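K.L.:
Just so you know, the sequences run in chain order F and X. So in the numbering used here, spot 14 of the first sequence is number 14, and the numbers just go up one at a time. So in the numbering used here, spot 446 of the second sequence is number 446, and the numbers just go up one at a time.
Keep in mind the hints are simulated off the structure, nothing from the lab. Among the hints, a few may not be true.
Stated by the list, open to error - Derived EDC-like pairs: lysine to aspartate or glutamate, alpha-carbon spacing no greater than 20 Å straight-line:
#1 X:Lys-393 / X:Asp-372
#2 X:Lys-135 / F:Asp-186
#3 X:Lys-145 / F:Glu-48
Said to hold, decoys possible - Taking beta-carbon pairs under 7 Å as the criterion, some of the chain X residues facing chain F (in silico):
#4 Ile-50
#5 Ser-54
#6 Ala-61
#7 Ser-64
#8 Glu-97
#9 Glu-117
#10 Gly-142
#11 Ala-250
#12 Gly-251
#13 Thr-417
#14 Arg-426
For clarity, every value in this text was computed on a predicted model and none was experimentally measured. C-beta: ideal position from N, C-alpha, C; glycine also.
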Amino acid sequence: MLKYLLKRIGLLVPTFIGITIVCFAVIHLAPGEPTDMQTELNPNITPEAIEQLKHHYGLDKPLTVQYFVWMKNLAKLDFGRSISSDARPVWEKIKERMPITIYINISSMIIIFIVAIPLGVISAVRRGSITDRSITVFVFIGFSIPGFWLALICMDFLGVRLGLLPISGIHSPGYEQMNFLARVWDITRHLTLPVVISAFGALAGLSRYMRSSMLEIIRQDYILTARAKGLSERTVIYKHAMRNALLPVITILGLSIPGLIGGSVIFESIFSIPGLGKLFYDGIMMRDYNLIMGSLTIGAVLTLLGNLIADIAYSMADPRIRAS
Amino acid sequence: MELLRKLIALIFISCLIVACSRDNHKEVVPVEQTGETQPAYGDILVDSSIGDASNLIPMLASDSASHEVAGFVYNGLVKYDKDYNIVPDLAQSWDIENDGKLLRFHLRKNVTWHDGEKFDAHDVMFTYKTIIDPKTPTAYAGKYKLVKQARLIDDYTIEFTYDKPLAPALISWGSLQMLPEHLLQGKDITTSALTRMPVGTGPFKFKSWKTGANIVLETNENYFDGKPYILGINYRIIPDQNTQFMELKAGNIDIMGLSPLQYLRQTDQPGFQKMYARYKYLADGYTYLGFNLKRSPFDNYRIRQAMAYAIDKEEIIKGVLLGLGEEATGPYKPGTPWYNPGVARYPYDPQKALSILKEFGYDDHDGDGIVDKNGKPFSFSIITNQGNPLREKTAQIIQQRLKIVGIEVKIRIIEWTVFLKEYVDRGNFDAVILGWNILQDPDLYNVWHSSNAVKGGLNFVGYKDPEVDDLLEKGRHTFDFDQRRKCYFRIQEIMADQQPYVFLYVPYSLPVVSARFKGIKPAPAGITYNLEKWYVPLHLQKYQLIP
Chain F
1 MLKYLLKRIG LLVPTFIGIT IVCFAVIHLA PGEPTDMQTE LNPNITPEAI EQLKHHYGLD
61 KPLTVQYFVW MKNLAKLDFG RSISSDARPV WEKIKERMPI TIYINISSMI IIFIVAIPLG
121 VISAVRRGSI TDRSITVFVF IGFSIPGFWL ALICMDFLGV RLGLLPISGI HSPGYEQMNF
181 LARVWDITRH LTLPVVISAF GALAGLSRYM RSSMLEIIRQ DYILTARAKG LSERTVIYKH
241 AMRNALLPVI TILGLSIPGL IGGSVIFESI FSIPGLGKLF YDGIMMRDYN LIMGSLTIGA
301 VLTLLGNLIA DIAYSMADPR IRAS
Chain X
1 MELLRKLIAL IFISCLIVAC SRDNHKEVVP VEQTGETQPA YGDILVDSSI GDASNLIPML
61 ASDSASHEVA GFVYNGLVKY DKDYNIVPDL AQSWDIENDG KLLRFHLRKN VTWHDGEKFD
121 AHDVMFTYKT IIDPKTPTAY AGKYKLVKQA RLIDDYTIEF TYDKPLAPAL ISWGSLQMLP
181 EHLLQGKDIT TSALTRMPVG TGPFKFKSWK TGANIVLETN ENYFDGKPYI LGINYRIIPD
241 QNTQFMELKA GNIDIMGLSP LQYLRQTDQP GFQKMYARYK YLADGYTYLG FNLKRSPFDN
301 YRIRQAMAYA IDKEEIIKGV LLGLGEEATG PYKPGTPWYN PGVARYPYDP QKALSILKEF
361 GYDDHDGDGI VDKNGKPFSF SIITNQGNPL REKTAQIIQQ RLKIVGIEVK IRIIEWTVFL
421 KEYVDRGNFD AVILGWNILQ DPDLYNVWHS SNAVKGGLNF VGYKDPEVDD LLEKGRHTFD
481 FDQRRKCYFR IQEIMADQQP YVFLYVPYSL PVVSARFKGI KPAPAGITYN LEKWYVPLHL
541 QKYQLIP
């Protein structure tokens, strides 16, 4: 087991370096440079000023040198400074947007699991019934409605017309003066729409997955045995069948770890939430190399860790994997 | 099953509870009803912006949000007034001597920085030295590098000498926002605390900045030009225009710029007009169709004229701006002193376009609906950048109109950076649709002088005309208003004749401001030029600034 673990971890290092090289190459292949935002179509710019800006950010050095400088800094856990006009450390920019992004992703994931799993189970148990069909229609409506459109409609109805929910942002004015409970309440109210609407769109996938997994399990012999023992239908479904059907779903949960720091540009823009999605998107549009590399590195590390955890979990659950 | 039902019911109910609680944390403070409309101190302006600021040291930032916020915090030595005359700001007067080669500023003596330190000529010297410092990553050093010598006369007098008289030099000291020497001396400006917590001399002081959410400014009690009436500005960052508009309708923001559609169709209800006052004036920018003058047949000015005749500008203004714009005839804004109203115009006339085309051998010889010459059909592509629906629509309307005279147009929409780097900078295009800002100073040397028709230069269409070159140089180095105007009037005549661009339209700016704000006086410079003089009568005040 220990040998297997060491081998897996040992493989991570070259994989990680490979990822950074590919990312670095790809973002430099895209036309344009970080300094373009300041220099292009600017009537006040002079050629000397362009050179000076490039020199300031080290963009006049060969690509390989730039990569090694970046790698050397990374070894010291330094992502460098953003190559935009604010020149702040990349880590600081990512750090300040991380909590809200993770908070939204975790809450919407919780909602998705709480709602989608029962929906999937009901659909499977009552396969072909009106309930099953209504659930199918409901989740596919969520899947096919454009999220931004639904968001705008809800904002207009609940925010502007009825005045029940805040329209955008994450804090009300005067947030600093609130006590802890009032703050939690304020944030919850602001995030209700974004979280619920993004969860609505993702119900279809998981509930379908749950449904098919459940359908397969119900056909198994041990379910027949359970029923033959004279157990109540509830015990059969929720104790014997659902536990087994949940296993593959839990794998999905493991694989969504890197998704926790990914944000949706569209939702963040519509609800004016200062999250990581918009930061990363703007970074790409402005060719902010250090910021892009920083985000990609964090994403890569989380993905690799997620895979590693999944592998370990599998090997613990299934001796066959360990043996090979 | 029972458990499940309870669970679903619970989720549903908790959603309802969350949804149904009314907003009880509003910062609105009930104010006595007195009915008076005298200027009064108090209230906050909630402004909105599509983008967050990036850096509040203006010379380091290149985005409009940073400059807008910094504009309230800092001052230059001079500024434009509502009619675009140059008036004193931090300098109370100035002398122009030696045929315009020497500028001497006499500074105000009663100005303090927001932290209480005195402002004097050393700060001006420091700011000047910072912007020309090669270590400062700024895109704006160009004009200040032309200064041959800067000299401190005393604590409140400073003079700058130039090699040649430079007409835009005076106002360049207005766009250079003065920085505090005592806070920046000897420090790396790019990592200074002032990039996120500016200290200036302006009417508003910096209070707080939550990245991606809002920036709060509060009134500067000691502002040299009188304390502003409003207590502060809450600058909210709302990246989506629809969201901004909903916040506006809900009364949560006080000022925003409307799109033509919002102006005409969504804000004309009496309820809205009671809450907000709408304004309309020409924006400082124009949109154009620019030709690659190095490529045939665009190198022929008669062909360009034919296209100008074939394009219906009125139709573009109606289709794209819903009529909320004016025809552009040159690079200046109609109604300003630099605008020449008497230049050649090109009213929509497809017959004339056809006859010019025929004159140069373009005719539909093979009967396929496209004019051709020597067996080659007249077909070209118009490129523009992604993310600007107005330009995309403009391209489509032009495509339709040119088809009528038998010219085939293909449209390509390209991502901004790629568009600039791969196409515009390299001259790798037939025609582009783009826009320029109209600056208050008429100097257009960088855009039209033949020396800028190089790779990466702003004269990317490759316009070269010796007379325009001479006039641009003369206009730059002439201080006399009438003589200067003569230069730029002539330039407009030549350009109207030669049509290096088909100048298309100048759109209207369509801001709305909450009706409780009084003292707004629309002028050529817009409405926000006197923001520190806006006020809210006591009985209409809505917000309090919480310390």
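K.L.:
Next step is simple, just say for each hint if it's right about the structure.
P.N.:
Right, here's what the structure says about each hint:
no., hint, verdict
1, X:Lys-393 / X:Asp-372, "violated (27 Å)"
2, X:Lys-135 / F:Asp-186, "violated (45 Å)"
3, X:Lys-145 / F:Glu-48, "holds (11 Å)"
4, Ile-50, "violated (9 Å)"
5, Ser-54, "holds (4 Å)"
6, Ala-61, "holds (5 Å)"
7, Ser-64, "violated (12 Å)"
8, Glu-97, "violated (26 Å)"
9, Glu-117, "violated (25 Å)"
10, Gly-142, "holds (5 Å)"
11, Ala-250, "holds (5 Å)"
12, Gly-251, "violated (9 Å)"
13, Thr-417, "holds (3 Å)"
14, Arg-426, "violated (10 Å)"
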